Amino acid sequence: MPTMPQSDILTTDGLSVEFGGLKALSRVSVRVREGEILSVIGPNGAGKSTFFNAVTGCCRPSAGAVYLGGERITGLQPHEIARRGVARSFQNLKPFAEMSVTENVLVGREIHFRSGLLSAVLRGGPFRADERRHRARARDLVDFVGLAGRRNTLARDLTYGEQKMLEIARALALEPRLLLLDEPVAGMNPTETGFVMDLVRRVQAQGITVLIIEHDMRMVMGISERIYVLDHGELIACGTPAEVRNDPQVIAAYLGGGKNARAH
Amino acid sequence: MGKSVFYYLGLMLVCVPFLRANSLWLPVVFLLAWGVRRGAGALAANEKVAAFRERGDRLIARRRGGLVALPVAAALLLPLCSSTYLVEVVTSAFLYAILASALNITVGLTGVLVLGFIGFYAIGAYTTGILTAKFALCGFWVALPLSGLAAMLFGVLLGMPTLRLKGDYLAIVTLGFGEIVRIFLNNLDRLTGGPNGILGIRRPGFGPFTIDGAVAFYYFTFAFLAATVFIVARLVDSRFGRAWVAVRENEMAAGALGIDVFRKHLLSFSLSAFFAGIAGSLFAAKQGFISPDSFTFYESVLVLCMVVLGGLGNVAGAVLGACLLIVVPEFLREFALYRMLVFGAVMIAFMIFRPHGILGSRTIALEREDAHNAAE
Numbered sequence: 033m034p035t036m037p038q039s040d041i042l043t044t045d046g047l048s049v050e051f052g053g054l055k056a057l058s059r060v061s062v063r064v065r066e067g068e069i070l071s072v073i074g075p076n077g078a079g080k081s082t083f084f085n086a087v088t089g090c091c092r093p094s095a096g097a098v099y100l101g102g103e104r105i106t107g108l109q110p111h112e113i114a115r116r117g118v119a120r121s122f123q124n125l126k127p128f129a130e131m132s133v134t135e136n137v138l139v140g141r142e143i144h145f146r147s148g149l150l151s152a153v154l155r156g157g158p159f160r161a162d163e164r165r166h167r168a169r170a171r172d173l174v175d176f177v178g179l180a181g182r183r184n185t186l187a188r189d190l191t192y193g194e195q196k197m198l199e200i201a202r203a204l205a206l207e208p209r210l211l212l213l214d215e216p217v218a219g220m221n222p223t224e225t226g227f228v229m230d231l232v233r234r235v236q237a238q239g240i241t242v243l244i245i246e247h248d249m250r251m252v253m254g255i256s257e258r259i260y261v262l263d264h265g266e267l268i269a270c271g272t273p274a275e276v277r278n279d280p281q282v283i284a285a286y287l288g289g290g291k292n293a294r295a296h
Numbered sequence: 197m198g199k200s201v202f203y204y205l206g207l208m209l210v211c212v213p214f215l216r217a218n219s220l221w222l223p224v225v226f227l228l229a230w231g232v233r234r235g236a237g238a239l240a241a242n243e244k245v246a247a248f249r250e251r252g253d254r255l256i257a258r259r260r261g262g263l264v265a266l267p268v269a270a271a272l273l274l275p276l277c278s279s280t281y282l283v284e285v286v287t288s289a290f291l292y293a294i295l296a297s298a299l300n301i302t303v304g305l306t307g308v309l310v311l312g313f314i315g316f317y318a319i320g321a322y323t324t325g326i327l328t329a330k331f332a333l334c335g336f337w338v339a340l341p342l343s344g345l346a347a348m349l350f351g352v353l354l355g356m357p358t359l360r361l362k363g364d365y366l367a368i369v370t371l372g373f374g375e376i377v378r379i380f381l382n383n384l385d386r387l388t389g390g391p392n393g394i395l396g397i398r399r400p401g402f403g404p405f406t407i408d409g410a411v412a413f414y415y416f417t418f419a420f421l422a423a424t425v426f427i428v429a430r431l432v433d434s435r436f437g438r439a440w441v442a443v444r445e446n447e448m449a450a451g452a453l454g455i456d457v458f459r460k461h462l463l464s465f466s467l468s469a470f471f472a473g474i475a476g477s478l479f480a481a482k483q484g485f486i487s488p489d490s491f492t493f494y495e496s497v498l499v500l501c502m503v504v505l506g507g508l509g510n511v512a513g514a515v516l517g518a519c520l521l522i523v524v525p526e527f528l529r530e531f532a533l534y535r536m537l538v539f540g541a542v543m544i545a546f547m548i549f550r551p552h553g554i555l556g557s558r559t560i561a562l563e564r565e566d567a568h569n570a571a572e
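Here the protein sequences line up with chains D and U, keeping their order.
Here the first sequence is numbered in my numbering, starting from 33 and rising by one per residue.
Here the second sequence is numbered in my numbering, starting from 197 and rising by one per residue.
A portion of the hints provided could be inaccurate.
Label-pair restraints from in silico Cβ distances [what the hints assert, rightly or not]:
| no. | chain 1 | residue 1 | chain 2 | residue 2 | range |
| --- | --- | --- | --- | --- | --- |
| 1 | D | Gln238 | U | Ala419 | 31 to 37 angstroms |
| 2 | D | Arg155 | U | Leu528 | 41 to 47 angstroms |
| 3 | U | Asn242 | D | Ile143 | 45 to 51 angstroms |
| 4 | D | Arg155 | U | Phe380 | 37 to 43 angstroms |
Restricting the straight-line Cα-Cα distance to at most 30 angstroms, the calculated cross-link-like pairs of lysine-lysine (BS3-like) are [claimed, not checked]:
| no. | chain 1 | residue 1 | chain 2 | residue 2 |
| --- | --- | --- | --- | --- |
| 5 | U | Lys362 | D | Lys126 |
| 6 | U | Lys362 | D | Lys55 |
| 7 | D | Lys55 | D | Lys126 |
Hints listed in this document are in silico derivations from the structure and should not be mistaken for laboratory results.
Computed from a predicted structure; not experimentally measured.
The beta-carbon is built from N, C-alpha and C at its ideal position, and this holds for glycine as well.
Could you put the whole structure together from the sequences, leaning on the hints where they help?
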């Protein structure tokens with residue numbers, strides 16, 4: 033895929049986020065190309081999740097702008113951004129604990145439902161067609177992430193790893209153009225990590241751009257076409273896995289405590 | 197919510213008789229509360245108690261068909277073999293059941309705590325009273341939907357600015373709303389008749405037939421309850437119900453899936469208000485007379501108790517809770533003074549033995565059902 037000339041699906045321009053006086057993100061400009069798998073890495077507290085939150089409208093940027101396929105989406109509500117095709121998973125899992133796996137994914141289909149309040153009461157043709165279609169799609173997605181045997185289990189009864197898969201299925205139910213995954217393999221064993229890597233590639237094969245925050249270097253180096261590196265809220269490097277691996281600034285950030293170390 | 201709601205409702209009710217008698221009892225009550233809480237915690241953790249809870253859940257999941265059919269049959273046959281007095285009591289239980297079903301949408305499903313819910317009931321009742329009796333502008337059948345819509349309108353007006361608030365803040369705003377409605381009714385003499393209320397509200401009729409007499413009105417109310425439960429149950433089992441529960445479970449995740457949390461809150465809130473308005477209209481027609489005294493904070497707490505007792509989010513639970521809390525106290529009239537005390541103790545007992553209410557939350561039933569299916 034990297035051979036074709038590509039358009040950008042997501043760009044940020046000088047994106048900054050401040051919490052009180054603390055600069056969580058400062059002047060971050062990225063370009064995400066349509067169809068690629070891109071990772072955002074950096075030490076703890078580097079601002080990776082804040083970057084995701086700013087892009088998805090979960091926190092308000094103090095400066096800068098976010099563009100989705102050329103449309104400025106800065107300052108929109110999270111649900112408005114989601115409706116434009118941006119789906120995400122969360123670092124701290126947020127499954128709908130008291131709902132079954134299928135129901136969780138069906139909630140992700142919500143924006144694709146066409147039938148209204150009255151037809152939900154009367155149960156006419158359009159309602160049943162809607163319900164059948166989206167249930168089928170939800171089931172497919174549950175199978176797709178490997179939870180086929182757990183369709184009717186309550187989300188709260190899933191294992192940690194299964195809940196992570198559920199979040200991905202739920203996000204995919206939106207039929208997004210861009211999928212943001214916040215630490216999809218944290219706490220997983222190598223077999224599970226391998227499964228997620230394969231899953232992400234299959235998602236990409238469907239034409240969905242994937243943006244990943246991850247600490248697991250096997251995953252990051254194995255799957256990313258490009259990598260952005262954040263440290264102390266600033267973008268310190270970007271490039272292919274090979275380029276990033278050998279970047280002295282990146283090595284310093286990971287091994288020597290970044291900016292502070294260099295100041296001495 | 198769950199456990200702590202039981203605890204605080206129980207505590208509030210236990211306090212009422214003590215506080216009326218002498219406020220010096222207050223420290224004693226709180227000391228008692230502390231002890232009860234510790235004791236209850238220990239008891240709830242007890243293995244045998246836990247096994248009892250499990251057994252109850254399983255039983256309810258297995259006997260769901262009977263749990264619906266039996267009470268419906270009993271309700272239909274009741275007037276044939278009971279006193280007019282009991283029929284009247286159960287009719288009013290049905291009215292409360294409509295209210296509890298309505299409140300269940302906001303509190304049980306969407307997870308928004310509403311404390312002054314009786315305000316919407318009052319608006320419905322007064323809309324009917326004013327339209328059919330005070331100014332005699334129209335008949336009951338025109339006033340009925342207008343009562344629902346009036347309550348809904350106030351729901352939207354109250355919800356628009358306040359539903360962005362979180363948890364306890366919203367609860368306090370709605371508490372204030374309930375009180376404001378009552379105070380307005382008490383003072384808007386020209387419109388509402390002030391403390392004297394509105395007299396001479398006529399019973400509805402179909403052409404030449406008037407729904408007169410206790411038994412006729414009993415079935416009339418039952419039909420409305422059945423319709424309400426039917427509509428709510430169907431909404432729960434649709435994308436609307438799923439979105440409400442999703443919002444209750446996690447607002448941030450729901451937002452990330454394109455769900456407008458505020459609009460879902462507003463929808464559930466205004467639907468609740470609508471059904472409360474309908475119930476209010478029926479109440480006005482049943483009583484023939486309404487005054488602000490029927491719409492006090494105590495009634496709001498009572499409706500909330502019904503929802504919690506039956507099982508937050510459980511459609512049948514709300515109805516059951518209403519029937520129990522209206523009918524059982526009628527048999528405890530001799531102990532009127534200690535009624536609140538018994539209520540409170542029952543609530544605390546429920547916290548221990550059935551922390552999700554009698555029928556449990558929707559989820560428990562669902563989970564057991566699945567376990568059942570898997571076993572077959």
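The hints, checked one at a time:
1. Separated by about 51 angstroms at the C-beta atoms, Gln238(D) and Ala419(U) break the suggested range of 31 to 37 angstroms.
2. The supplied range of 41 to 47 angstroms is met by Arg155(D) and Leu528(U), whose beta-carbon atoms lie about 42 angstroms from each other.
3. For Asn242(U) and Ile143(D), the Cβ-Cβ distance of about 46 angstroms falls inside the hinted range of 45 to 51 angstroms, so the restraint holds.
4. At roughly 40 angstroms, the beta-carbon separation of Arg155(D) and Phe380(U) lies within the given 37 to 43 angstroms, and the hint holds.
5. The suggested pairing of Lys362(U) with Lys126(D) holds, with an alpha-carbon distance near 18 angstroms, which does not exceed 30 angstroms.
6. As the CA atoms of Lys362(U) and Lys55(D) are separated by approximately 27 angstroms, the hinted pair is consistent with the 30 angstroms bound.
7. Distance check on the hinted pair: Lys55(D) and Lys126(D) sit about 26 angstroms apart at the alpha-carbon level, within 30 angstroms; holds.
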